[in-house]
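Between the sequences and the hints, there should be enough to build the whole structure, so can you do that?
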Amino acid sequence: MEQAPPEAGQVHAEVGFVKTLTACVAGALVPGLGHAVLQKWDRAIVFLGSISVMFALGLRLEGRLFGPDFTDLFSILKFVADAGSGLLYWFCWLRGLGVGEPSSYTYDFGNVFVYVAGLLNMLVVVDAFDIAMGRKR
Amino acid sequence: MIGDHFVLMLIFSFLVSLVFTFIAKDRAKERVKYFLFLLASFILLSILAGWLMYPLPL
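Going line by line, the protein sequences match chains A and B.
At the far end of the first sequence sits residue 155, using my numbering, and the numbering has no gaps.
At the far end of the second sequence sits residue 44, using my numbering, and the numbering has no gaps.
Treat the hints with care, as some may be off.
[Said to hold, decoys possible] In silico DSSO-like cross-links for lysine-lysine, where the CA-CA straight-line distance does not exceed 30 Å:
| no. | chain 1 | residue 1 | chain 2 | residue 2 |
| --- | --- | --- | --- | --- |
| 1 | B | Lys15 | A | Lys154 |
| 2 | B | Lys11 | A | Lys154 |
| 3 | A | Lys154 | B | Lys19 |
| 4 | A | Lys37 | B | Lys11 |
| 5 | A | Lys154 | A | Lys37 |
None of these hints come from the bench; they were simulated from the model.
Now the structure itself:
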């Protein structure tokens, strides 16, 4: 028996789903890339620039990149916040950067910069999701 | 210079305000106003929090 062709609404929904998924995954990997996929160029440039600068400053200030350590709640939270930066985090962590120097007085500043870069990127992914779903412009 | 607490607070405030502004607002004029509001709030409240913590530990 011949299958009925998909309706226009169904095709649109599938394209929307693929675009949403692509934007979210791209945004989670590289800050601002999700917005670039959605052709929101101004936001993409600002997010890439701000989050990358914040992450790089965190490392420059001798902050530490916390690795995947699931022994206690705070270790998990630190790792999740750091890893929110996506490939920036994984590239630097795998290269052995971000060892951290606790005796340096900028150590805490550095950690906060790296945490906040990751957390901001999570917010940016949610924003890309909302735009792809048509909830905001 | 980069290790100065106040300069670091300014850089942090600037970057976070910029990201929040572009998430929350769409139009250029709204963005400028909201960015300046957020930046001023970050800076003034950080200084206020610093003064409130000045007598600690008691």
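Structure-based check of each hint:
1. Distance check on the hinted pair: Lys15(B) and Lys154(A) sit about 18 Å apart at the alpha-carbon level, within 30 Å; holds.
2. Of the pairs offered as hints, the one joining Lys11(B) and Lys154(A) holds, with about 10 Å between alpha carbons and a cut-off of 30 Å not exceeded.
3. In summary, the hint linking Lys154(A) to Lys19(B) is supported, as the alpha carbons are separated by about 20 Å, within the 30 Å threshold.
4. Only pairs whose Cα atoms come within 30 Å are accepted, and Lys37(A) paired with Lys11(B) is accepted, the gap being roughly 23 Å.
5. With a C-alpha separation of about 15 Å, the suggested pairing of Lys154(A) with Lys37(A) holds against the 30 Å cut-off.
This entry satisfies every hint, going by the numbered hints stated previously.
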